[in-house]
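Participant: What follows is each chain in one-letter form.
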Amino acid sequence: MASIAHVESTQARPWLRRFLKPEALTGYFLISPAVFLMLVLLAYPFVLAVWISLTDRVLGEPGKFIWLGNFLKLLQDSLFLQTVWNSFVYTISTVFLKMLLGVILALLLNQDIPCRNLVRGLILMPWIVPTSLSVLTWLWMFDSLFSVVNYILLGAGLISKKIPWLGDPFWAMVSVIIVNTWRGLPFFAVSFLAGLMTIPRELYEAAEVDGALRFRQFWHITLPLLQPVIAVVVLFSTIWTFADFQIVYILTHGGPINATQIFATMAYDVALVAGRIGEGSAISLFLFPALLVVIILMLKYLRRE
Amino acid sequence: MLKKVLGVYLPLAAFLVFALFPFYWMLISSFKANPELYSLKANRLWIANPTLDQFRDLFAKTAIIKWLWNSFFVSFLTAFISMTFGIMAGYALARLKFPGAQAFGLATFITYLVPTTLIFIPLARVVQSLGLSNSIWALVVTYPTFLIPFCTWMLIAYFKSIPKDMEECAMIDGCSRIGAMIRIVLPMAIPGVIFSAMFGFTLSWNEFVYALTFISDTTHKTMSVAVPTELIRGDAYFWGELMAASLLGSVPVALLYSFFMDYFVSGLTAGALKG
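Chains as they are written, first to last, in the numbering used here: chain C, 1 to 305; chain P, 306 to 580.
Hints listed in this document are in silico derivations from the structure and should not be mistaken for laboratory results. Small disclaimer: the values here were computed from a predicted structure and weren't measured. We treat Cβ as the ideally placed atom computed from N, Cα and C, and that holds for glycine. It cannot be assumed that every hint is accurate.
[As the list claims (entries may be wrong)] Here's a subset of chain P near chain C, in silico, CB distances under 7 angstroms, partners left out:
hint : residue
1    : 427
2    : 450
3    : 562
[To be verified] Stretch-level coverage of chain C by chain P, calculated; a stretch enters the list once three of its residues show a Cβ under 8 angstroms from a Cβ in chain P:
hint : segment
4    : 104–114
5    : 124–130
6    : 275–284
Modelling step: build the complete structure from the supplied sequences, incorporating the hints.
Facilitator: In structure tokens:
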């Protein structure tokens, strides 16, 4: 009865009333600081980024409108094309490694082990500590002369001569991939662990009664039930890795000979080091399609859940 | 038993070594004197003569105390701001019905996904026109943009898990909506509030791109940027000092996190499941 009266009253009044009822006003008041900050420091800069990317602005000069000039120029620039390639190699290989190792690590952490909480906490360390500082440590570990990684590998007889970790295009890419995997793995493992803990034990007990092997239990029970968490974590990580900056910036600066240059480091170099702000903004904006794809997939996925 | 050692403990130990070795290396490098640090003959995985020289140099010759203070100041303030605005927005989305609520929820979610490297170039201009460039206030203003969406989403989940009955009773008894939120709901959401504030603190403490772009004066830098930019002079790497400084920059978040580890793990898992 009350709800019918409510519906009638809102239909009878002008639409404006819906915005002015006390509950709505309280709502607007509560979200206003967040909305204000997001408009001024997120939406506006984004519009500005699009605008600047359509100009040939350099540091200290206003520049003029050149339509898609920057984008067309970039698509013919071999350095930029290499950056695109590097970004894909970097993202695909690290996300794949983190996913694979993350599932294994989550399964291990889900076992009955002593000091379980301590172990889980220690595993999270690489993800908690400031990345710029831990990557500095990796830079020292990969030092051309004093690399402790080489020291250990040589000592253990696993390699016969020093690996030029950051000095060689191939190994530099390997290095940034290792460090990114190191940093991101905890997030994957702990998220997957949370997913694992929601799977009811009875399912495994039933499977055991049916005589299903461990591997088949994993394939037919664990993996399908873990799939939603895996999908969300992979999507998150894809966009963050694609847009990553600090690991490459500190470890290789994009080198040697641009072998590890990725979108964000190139945008930084072009816009803030070389001062070609228009072109730099255009490079940054190439991250946008990737972001869009991730958002669409994520929304589709979450809506289905 | 042997099966468990080979199948669980051994691989787990390998993961632990992989995760922790860099921190061990950071630790022992910062307590070595230079001759030992750069000796190719010594046992490099151990310290023969522990010394505090690197720390002494760091405090005597660099502005490290100022950088640590800047990091604390910015992280504390931004965590507090984001927590407050996140509580407000999270409560509105969890409890109130108003036109545009869904659109706002979607917008915060998308904002959460936007990487800082997408907009740091124009944002530098916005910061400049606000008169904040080269000041830690540039960070205080910009960090909440990526912290608020996180706190909001985190807290929506917490608020939704609290039954509505109690605040409805309070409101029937004459409490206002905001009064009910502050007196009834907030105390019950304390774990979520602490978690989001702590996480905000950690994210601010670790932030790199904005701090690198907006600040150029030595004395205004935060730890995460000051150590890699100020302590590497040209091509000269003073690894002892660098590692000692990295250690000092890592310990606060590691400590914070070890005190509240249970909150962290439960919050993270709750967030991951709902995210």
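Participant: With a cut-off of 8 angstroms between beta carbons, are at least three residues of the segment 275–284 of chain C near chain P?
Facilitator: holds (count 4)
Participant: Let me know if the C-beta of residue 427/P comes in closer than 7 angstroms to any C-beta of chain C, holds or violated.
Facilitator: 4 angstroms, holds
Participant: Hint validation: residue 450/P versus chain C, beta carbon distance must be below 7 angstroms. Holds or violated?
Facilitator: At about 5 angstroms, which falls below the 7 angstroms cut-off, the nearest Cβ of chain C leaves the hint on residue 450/P intact, so it holds.
Participant: With chain C as the partner, please determine if residue 562/P meets the hint condition of a C-beta pair closer than 7 angstroms.
Facilitator: 5 angstroms, holds
Participant: State whether the coverage of the segment 104–114 of chain C by chain P holds or is violated, taking the criterion as 3 or more residues with Cβ-Cβ distances under 8 angstroms.
Facilitator: holds (count 6)
Participant: Take the segment 124–130 of chain C, compare each residue's beta carbon with every beta carbon of chain P, and decide whether three or more fall closer than 8 angstroms.
Facilitator: holds (count 6)
Checked against the numbered hints above, the structure breaks none of them.
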